[in-house]
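**Q** Single-letter residue listing:
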Amino acid sequence: MISFGTTEEQEVVREAMRDFAAQALRPLARKCDEGSAIPDDLLQQIWELGLTSTQIPEAYGGGGEERSPVTNAIVLEELAHGDAALAIAGVVPSLFANAVLDFGTDAQKQALLPAFCGERFHTASLAVVEPGAFFDASRPRTVAEPKGDGFVLSGTKTLVPLADRASHFLVVARNNGGVDAFVVPRDAQGLSIGEAEKNLGLRALHTATLELERVEVGPEARLGGEAGCDVRRLLDGSRTALAAVMTGLSRAVLEYCVPYAKDREAFDEPIARKQAIAFMLADMHIEVEAMRWLTWQAASHLEKCRDASRAAGLARSYAAEKSLWIADNGIQVLGGHGYIREHPVELWFRSARTLGVLEGTVTL
Amino acid sequence: MIDFNLSENDEKILAGVREEALLCRKYARHYDENEHEFPPDELPEASSWKPSVKRGEPSPEDSSMPVMSMLGIMGRHWGDYSVRLRQDRGGLGNAALSASGTPEQKTRWGGEVLAMAITEPGCGSDPSRVQTSAVLDEETDEWILNGEKIFVTTGCRSTGVVVWATVDKTAGRAGIKSFLIMKGTPGFEVVHKEKKLGIRADDTATLVLRDCRIPRDQLLGGDETVKQKGSGGFRGVMKTFNMTRPAVAAMGLGIAEAALDFTREQLEEAGFEIDYAAATASLPAPVAKFIELEALFEASKLTVLRAAWLAGEARPNNMESSVTKAHAGTAVRRITQGCIDILGPMGISREHLLEKWLRDCRITDIYEGTGQIQRLIIARGLLDYTRAELK
Chain A
1 MISFGTTEEQ EVVREAMRDF AAQALRPLAR KCDEGSAIPD DLLQQIWELG LTSTQIPEAY
61 GGGGEERSPV TNAIVLEELA HGDAALAIAG VVPSLFANAV LDFGTDAQKQ ALLPAFCGER
121 FHTASLAVVE PGAFFDASRP RTVAEPKGDG FVLSGTKTLV PLADRASHFL VVARNNGGVD
181 AFVVPRDAQG LSIGEAEKNL GLRALHTATL ELERVEVGPE ARLGGEAGCD VRRLLDGSRT
241 ALAAVMTGLS RAVLEYCVPY AKDREAFDEP IARKQAIAFM LADMHIEVEA MRWLTWQAAS
301 HLEKCRDASR AAGLARSYAA EKSLWIADNG IQVLGGHGYI REHPVELWFR SARTLGVLEG
361 TVTL
Chain B
1 MIDFNLSEND EKILAGVREE ALLCRKYARH YDENEHEFPP DELPEASSWK PSVKRGEPSP
61 EDSSMPVMSM LGIMGRHWGD YSVRLRQDRG GLGNAALSAS GTPEQKTRWG GEVLAMAITE
121 PGCGSDPSRV QTSAVLDEET DEWILNGEKI FVTTGCRSTG VVVWATVDKT AGRAGIKSFL
181 IMKGTPGFEV VHKEKKLGIR ADDTATLVLR DCRIPRDQLL GGDETVKQKG SGGFRGVMKT
241 FNMTRPAVAA MGLGIAEAAL DFTREQLEEA GFEIDYAAAT ASLPAPVAKF IELEALFEAS
301 KLTVLRAAWL AGEARPNNME SSVTKAHAGT AVRRITQGCI DILGPMGISR EHLLEKWLRD
361 CRITDIYEGT GQIQRLIIAR GLLDYTRAEL K
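So the protein lines, in turn, are chains A and B.
Under our numbering, think of the first position of the first sequence as 1, with each following residue one higher.
Under our numbering, think of the first position of the second sequence as 1, with each following residue one higher.
Keep in mind the hints are simulated off the structure, nothing from the lab.
Beta carbons are placed, not taken as given, at the ideal position from N, Cα and C, and that holds for glycine.
Possibly wrong hints are sitting among the right ones.
If the Cβ cut is set under 10 angstroms, some of the chain A residues that face chain B in the computed set are [claimed, not checked]:
(1) F4
(2) I74
(3) P114
(4) K147
(5) D236
(6) L254
(7) R264
(8) E289
(9) A299
This is chain A alone, in the form it adopts within the complex (with noise of 0.2 angstroms):
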């Protein structure tokens, strides 16, 4: 059945999550943004939300909640209304508990899930994105090879969300012909950190680049055991993650500049009421609902566990594509405001590029 219709519970949702944005994230989005930094108690303070807890079965600790890719895509869309990069930092530890709980074997659900039980924030992140010009996520060039029972993993991973802070990391690599994603602690022989990347946009999320030099894991490091992890998926989750930030986003630099441009006057009248400006302000409209439309799509078909490669796919592209186009365009409506850091657009167009050229950040 074809249906737009939100449960009760998911208008409850976005309700907390949209007083929770404004009230905690936007106020302090500027100050993280410029200090390349988010202070603990921030993200202490989205942990208690129970995103990552609640989600997880009561056998592993957490809360037992059905998890709801549909949901969760809701939730994006407001804590990125409020701001991206700090959504993005929220949801990290997700990142990696959800990848274990769709993919882990039950020993691996054992060993890594409790900690993400607690009542302290606590985080482990994915390693996707790998530097260098035409990365493709779908044909890393990290690679594992067998060695005894276990793999040597060998390879460079770039914008790892909140490397400083994560307990492991999940390392997808090349492993005979597939693509598998391979669980290695921090402290791995071989693994070296490195310091916070300098990014364009979403500066307030830490990321770092991973070197592997010949770093041995063991059998149990491969997710999914002998079974293995179908990456495709997780990358389908990813990407419909981003299209609900980038929608989150949209909404944001819309709602900004609407007030705005009846509040600005020119020419004797508000800016406003100039077709020139109001027929941006709906096309801006038009591409967030198109926007958010394909992201649920392909949410819905994660959680109803169909094929969601061609719909996450699109999600994704559309979204990248349109909700650079709204953050443009919004410092367009503002005019030279939107080029001065007191205003919030310039840094949502910051986002929105870098959005655009992540994978593997963010998960439903």
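Based on these hints, arrange chain B on the given structure of chain A.
**A** Below, chain B without anything else, positioned relative to chain A:
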């Protein structure tokens, strides 16, 4: 609950629509090249043809009627814009009748095929400038209509027409009423079938009214609307547009999907793999372009389904309807043009239908309110502006 999966029954219904559409497509080129020949009311195959897929049993998992109606429109237009196994009964005027007619009028004219005549040589996007006049002759209890209407869809084939005319030129929008005029009424004449860029097999007429007299009760919605001058006569007729905008978007999207399917076949035949998981930078240019067009199509289609879903929930969808048409109007132009970019010479050859689809879908961004008018409606909603505040 949010869901994007068609039920088994939904799938069967749409598979049937597609089969029938494919049959109609065989005649598409003929009626395009022979513009003033109408496609027949029934194709020769009509009596013998049966879909190979049988409808399933209805289930609670089925999509709502408006959603299925939009998908059905897409499916039929995927075959061809105009050719049908059996021509549809009813036009836009029938929608106006069911939205604004009195119960008595609905019974009386419900069986007719009614066109809708709004546009005039001097007024298109701003129907409040309608010059066709209606004057009440108190002695005979008749309306006397004078004026010219153009771009009247189904104008030739219909048995009657709903005509917008003003009863008071000084009253602007408030003075506009709808009148039902049956073919054969003295003073009412179909004079011309337009020659067009696309949708050439479609019936698009010019109508002339010269002292055309109709009984007083042929005012749509009944006489009392005349007495309540300035109170929502215009709004009554605008109500018609709420499902027609998504429907027009769906028509264009059906054509765009045909273009995408044709292009996909050609790409696959040439050995290209369409890999949605690969990074854009590692895709061959034609595939990257194709995926971009597909995303545009999917985005547009979802806005249509959303507006239709709202209608099924009996929730207002005025702004959403404009979103569908604004989005699809641009999308279908880009999609068909982009498919020609990908296929090159094959795209413009009249040996194939792609060039026809480009011409056919171009109307989507024009009729039933241009893309610009839709943006005006959306911007007013967004900014909470009246018509006077944002012109």
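**Q** Now tell me, hint by hint, if it's right for this structure.
**A** Hints, one by one, checked against the model:
Annotation: F4 of chain A was flagged as interfacial toward chain B, and the flag holds, the nearest CB pair being 5 angstroms apart, inside 10 angstroms. Taking 10 angstroms as the C-beta contact cut-off toward chain B, the hint placing I74 of chain A at the interface holds, the least distance being around 9 angstroms. Violation of the interface hint for P114 of chain A is found here, the shortest Cβ-Cβ separation to chain B being roughly 32 angstroms, above the 10 angstroms cut-off. The interface hint given for K147 of chain A is violated, since its Cβ lies 29 angstroms from the closest Cβ of chain B, which is over the 10 angstroms cut-off.
Look at D236 of chain A: its Cβ gets to within about 8 angstroms of chain B, closer than 10 angstroms, so that hint holds up. Interface hint at L254 of chain A: satisfied, since its Cβ lies 8 angstroms from the closest Cβ of chain B, which is below the 10 angstroms cut-off. With a cut of 10 angstroms, the hint placing R264 of chain A at the interface with chain B is violated, because the nearest CB-to-CB distance is about 13 angstroms. A cut of 10 angstroms between beta carbons decides the hint on E289 of chain A: the least distance to chain B is about 6 angstroms, and the hint holds.
Because the beta carbon of A299 of chain A sits about 8 angstroms from the nearest beta carbon in chain B, less than 10 angstroms, this interface hint is met.
Violation of the numbered hints given earlier is confined to hints 3, 4, 7; the remaining hints are satisfied by the structure.
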